[in-house]
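> So the sequence lines, in the order shown, correspond to chains A and B. At the far end of the first sequence sits residue 114, using our numbering, and the numbering has no gaps. At the far end of the second sequence sits residue 116, using our numbering, and the numbering has no gaps.
Possibly wrong hints are sitting among the right ones.
[What the hints assert, rightly or not] In silico negatives: residues of chain A with every beta carbon more than 10 Å from chain B:
| # | residue |
| --- | --- |
| 1 | L44 |
| 2 | V62 |
| 3 | S73 |
| 4 | R110 |
[Said to hold, decoys possible] Partial selection, computed: residues in chain A whose CB lies under 7 Å from chain B:
| # | residue |
| --- | --- |
| 5 | P40 |
| 6 | V97 |
| 7 | A103 |
| 8 | F105 |
| 9 | Q107 |
| 10 | T112 |
It should be emphasised that the hints constitute simulated quantities derived from the structure, not laboratory data. Using N, Cα and C, we set each Cβ at its ideal position, and we do this for glycine too.
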Amino acid sequence: GAVVSQHPSRVICKSGTSVKIECRSLDFQATTMFWYRQFPKQSLMLMATSNEGSKATYEQGVEKDKFLINHASLTLSTLTVTSAHPEDSSFYICSAVDRDTEAFFGQGTRLTVV
Amino acid sequence: AQKVTQAQTEISVVEKEDVTLDCVYETRDTTYYLFWYKQPPSGELVFLIRRNSFDEQNEISGRYSWNFQKSTSSFNFTITASQVVDSAVYFCALSAEFGATNKLIFGTGTLLAVQP
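Make a model of the complete structure from these sequences and hints.
Written out as structure tokens, the structure reads:
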């Protein structure tokens with residue numbers, strides 16, 4: 001199956017700093033990517049839909065100024081957590097869609113803000 | 001509103017037992033997709049199955065089988081002869097809106113522990 005690479009897999013940052021997470025589709029072009037967040041022992045919650053060349057669409061309750069999404073090419077979407085705080089510590093995972101036939105998930109990024 | 005309910009929070013079985021994970025969904029759409037994913041402790045999501053709303057045939061893949069019942073809005077997952085490697089969190093998911101097959105609403109997950 002198609003491969004989606006997410007980087008970094010783990011990151012620890014200081015409170016107040018920003019962290020960028022990359023989601024790459026390695027062997028297909030993804031016009032749409034989705035970003036999810038998963039708190040410990042909880043479900044995955046959709047944060048936003050990222051479309052190549054246009055602004056991301058955020059789900060209700062997700063701060064677009066805090067979670068900046070850029071989908072500049074058909075193979076790369078980035079999520080930047082700005083001015084991170086301990087409550088932003090979570091598991092972030094992306095999925096990339098290949099012509100809406102199937103979504104492939106990245107390996108996830110475990111963010112810890114100290 | 002779209003919703004997925006996995007009533008079983010945790011299940012513990014002994015190896016070789018069969019186990020069924022329940023999934024009940026709610027949607028207003030007539031066309032929708034249902035999914036099951038496995039999440040091992042490492043965190044990545046492993047795709048298991050996608051089923052569209054017009055295909056009610058049950059599916060079997062090795063030790064895995066799925067029972068889709070539109071009449072009860074259920075899409076249950078059975079593992080036959082469970083193995084320790086099956087231990088993981090299993091998520092059932094529903095396509096969030098018509099035309100966005102892969103924008104998913106996830107259930108809360110079922111933690112399956114298979115004891116040797």
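> For each hint given before, does the structure comply? Return the numbers of the non-compliant ones in rising order.
1, 4, 5 and 10
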